[in-house]
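Asker: So the sequence lines, in the order shown, correspond to chains L and X.
Numbered by the numbering used here, the letters in the first sequence go through residues 1 to 442 in order.
Numbered by the numbering used here, the letters in the second sequence go through residues 1 to 401 in order.
Since the hints were made in silico from the structure, they are not lab data.
One or more of the hints may lead you astray.
As the list claims (entries may be wrong) - Rough simulated footprint, nothing fancy, chain L against chain X, three-plus residues with beta-carbon under 8 angstroms:
(1) 10 to 19
(2) 42 to 54
(3) 148 to 162
(4) 253 to 264
(5) 282 to 289
(6) 353 to 363
What the hints assert, rightly or not - Here are some, though not all, of the chain X residues that point toward chain L, as calculated from beta-carbon distances under 8 angstroms:
(7) 23
(8) 29
(9) 34
(10) 38
(11) 268
(12) 271
(13) 276
(14) 279
(15) 294
(16) 297
(17) 298
(18) 301
All C-beta atoms, glycine included, are put in the ideal place defined by N, C-alpha and C.
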Amino acid sequence: MFAYYLRLALASFRRNPGLTALMVFAIALGISVCMITLTSYRAAANNPAGDRSSILFAPSIDNWDPEQPYEQYDKTLAPTMLTYRDAKALYESNIPDRKLIMYKAGGIVSRADKGMEPEYIAARMTTADFFPMFQVPFLYGGSWDGKADIGPEPVVVLSKEMNRKAFGGVNSVGKSIVWHDREFRVIGVLDDFEPLPKYFDVSNGSFTDMEDAYIPFAWGPVLELGSDGNTNCWKTETIDSYKAFLNSECIWFHGWFELRTADKQRAFREFLDNYVVDQKKHGRFPRPLNNYLYDVDGWLKRNKVVEDDNKAVLVMAFAFLAVCLVNTIGLLLAKFLNGAPQSGVRRALGASRRDIFLQHLTESGVVALAGGIVGGLLGVTGIWALRAYYGRFVEDAPKLLPFDEINFVIVVAIAVFAGLIAGLYPAWRIGRAAPASYLKVQ
Amino acid sequence: MEIRPILSALLRNRAGAILVALQIAITLAIVVNAIYVTQQRVEKIGRPTGMDDQNIFSFTVTGFEKNFDFQAMVRDDMAMLRQMPGIVDAAPIRQVPLSGSGSSTGFFSLPNQKGEQSPANYYSTDEHGINTLGTKLSGGATFEPGMIEFRNEDKQGFPATAIISQGLAKALFKDKAALGNTFYDDQSKPYRVVGVIQHIHGSWVGWDKVDRVMLSPLVGPGPGTQYIVRTQPGEIDRVMTATETALRKRDPNRVVGKLRKMSDYKKRSYAGDSFMAVTLTTVTGLVLVFSALGIFGLATFNVNNRTRQIGTRRAVGARKRDIVRHFMTENWMVTTLGVVVGCILALGAGFWLSNQYQMPRLDLYYLLGGVLGLWAVGQFAAWQPSRRAAKVSPAMATRNI
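Take the sequences, apply the hints, and build the full model.
Answerer: Right, here's the structure in full:
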């Protein structure tokens, strides 16, 4: 029966090719605009932590200016980075299953044997748990352990790309690079590692490039390295040395804590509050107690990784799709009523109302499928054009607008679903028409 | 004009009329809000930056060898760059305006954190900074060479003189003259204003205080800095290639970063706004076309369905003009229904947008414009089908179908 309905649908398209094309076109345009906005929305709304999202936590403790809140747009929020003192103190806690503190530092990397073109790189200064906590894949070697953090030992983990530039991509474990006039021994090389968005540190943008190297955190203070990312300060204090800078109220560190059970999560929240209350006794934390512990999902929301513009554009796009669909309903209605005499004949020959209804619903579905596929292709073309235009000056453009087969499938599915909804009323209406009136005049 | 027969004709095909009205309603809601938001973004993108932003490029230069002489590098590079053909001027600068990366700190009009206070985007540069950026001074002059301080290491505070933007001057000194006046940082260190810039934008275009800028006569801290170079109009691409070669040749023992145009930084900083504007403009255009097509489709359908009725009316004395007027009025009524519902939707959407996303509340003039526009679109789309209806011959009244 379905095959017969399909044949009828095709015959009906041949009867009014212009009207059919208009409907396909309407759905296609509506769906393509949705696809483009949905792609940028989904890229930003992605949570790369997967099922570890609910056990990885980032603290946000309010050590900001007593005169004004950290965020102007929402006065209840606390800073998203930590001072050196607080980072170290939280890292001392024994509650978490795993823990890390980190920041980003820059410097020129070279090889003692002059085997590479010197280059400015960004390095992530982190403690050892970074690699297991974020499930970082290794191509060669492995990460350092807690002992190397304390030393600190001069070891480095290179990104795949950095290893290609420095060592031509071969297994470089055991060789060394020079950074800030010091030799670091390569103990591991990463495989491709680029979570999008870069959830563990979004302070310089959610889609910025990964760091080129990973070096034990403690080297930062030893080499007196400032942050290559953001540094925010509020307090009036004399900072005349690196040591004074470390002891200041400036925030530039990130901390992550793996807390696998609800008990540990509760205990760590209490620990945060107790810590701040204790610090208040020493004259720090002048604002009211206001601490947060975000899981990855909450962290991405707190940092507005999905921007307001993303959401507004998405809403507009779906409203546009709604207009296209209402338009299609009108056109389908006109088209079906136009072909009413045929349906009258079919009814007279014994087809039930249900048959007529299903026949016309099939026709709507076919229109929608065609519209969905054309719209998907238009969407891909649009994404390609936007990438070509914005890619010239926005390095992140390809990551913000990925070519994603799943999006194509999603939008075609939305189109077919929407087309069927749109077909419901016209198909029902034509199924209800009395056959007699059409037969009379034939 | 009799409304009643038109109304009763309309009610016979309620579904079609309601669909078109609904379409017009959603269209109005989308178009009014989209145009309003687009207008704001386009205005934001088009603001003057106060700089010769189309003819400037910049790049980082970092030394890394031991015992590296930062001051000598900057001095010799500048001497070379400033005499290269096609280059108007060049200067070291720590960060680049419009680039999205910068520094800011708070200043006060009186010592001990008293008086007026304002944050400012600050840039460390030398006496060529003003000319290289292409900004105009409304008072005073650029730094004297003797004021410039070279620093090998980072430390708190700036040298004692400063050039500030009009925006910062207004915030700190209100109506008093800024030139020659003094302001203070949070450690009460005084800075004397030696020049006032008419207008300039800092690093973060989304910041509401983007026009509060301070230039400080400071080069460094070493071992790295950025250089900005201003070229003759149209020479930027040629000069960029020549610069890269010349710098490598002069001293290969430092790392020269990627050369970037200020115009590209500007486009990147406004990329979100331009993406928004492009998407919304596209949607607005398409949605208007589809609404017109929908109105056109319904009118055509009505005319086709009613040929006999039209023929009868013509046969009993209606003029062509009456038939056209009938269909135009019918269309106008449907559009009006849509517009009324649309106003409610548009206001609701505007309210929701401004509440949810901290956007300014929808301006009612836009709504008025949208209503008038959609009336016009409706009448335009119904014109051809109405003309066709008028051509129906009175003889149709005597035929079947």
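Asker: With reference to the structure, classify each hint as holding or not holding.
Answerer: Evaluated hints:
Three residues within the 8 angstroms Cβ limit are the bar, and the segment 10 to 19 of chain X against chain L gives 3, so the coverage statement holds. Here the segment 42 to 54 of chain X counts 0 residues with a CB under 8 angstroms from a CB of chain L, which misses the bar of 3, and the coverage is violated. Figure legend: the segment 148 to 162 of chain X, annotated as covered by chain L; annotation consistent (3 residues with Cβ-Cβ distances under 8 angstroms, at least 3 required). A count of 3 residues in the segment 253 to 264 of chain X with a Cβ less than 8 angstroms from any Cβ of chain L is obtained; the coverage claim is therefore met, three being the minimum.
Residues of the segment 282 to 289 of chain X with a Cβ under 8 angstroms from some Cβ of chain L number 4, which satisfies the need for three, so the listed coverage holds. Check result for the segment 353 to 363 of chain X against chain L: holds, 5 residues qualifying (beta carbon to beta carbon below 8 angstroms, three or more required). A distance limit of 8 angstroms between C-beta atoms decides the matter here; for residue 23 of chain X the minimum to chain L is near 4 angstroms, and the interface restraint holds. Interface hint at residue 29 of chain X: satisfied, since its Cβ lies 7 angstroms from the closest Cβ of chain L, which is below the 8 angstroms cut-off.
Given the 8 angstroms rule on beta carbons, the hint for residue 34 of chain X holds: about 6 angstroms separates it from the nearest Cβ of chain L. With a cut of 8 angstroms, the hint placing residue 38 of chain X at the interface with chain L is violated, because the nearest CB-to-CB distance is about 11 angstroms. At about 5 angstroms, the closest approach between the beta carbon of residue 268 of chain X and any beta carbon in chain L falls short of 8 angstroms, and the interface hint on this residue holds. Because the closest C-beta pair between residue 271 of chain X and chain L is about 5 angstroms apart, less than 8 angstroms, the hint holds.
A least Cβ separation of about 5 angstroms between residue 276 of chain X and chain L falls short of the 8 angstroms threshold, and the interface hint therefore holds. Here the hint on residue 279 of chain X is kept, as its CB sits about 5 angstroms from the closest CB of chain L, short of 8 angstroms. Taking 8 angstroms as the C-beta cut-off, the interface hint given for residue 294 of chain X holds, the closest approach to chain L being about 4 angstroms. For residue 297 of chain X, the suggested interface contact is upheld, since its CB lies about 6 angstroms from the closest CB of chain L, less than 8 angstroms.
Against a cut-off of 8 angstroms between C-beta atoms, the interface hint on residue 298 of chain X holds, since the closest Cβ of chain L lies about 6 angstroms away. With its C-beta approaching chain L no nearer than about 4 angstroms, residue 301 of chain X sits inside the 8 angstroms limit, and its interface hint holds.
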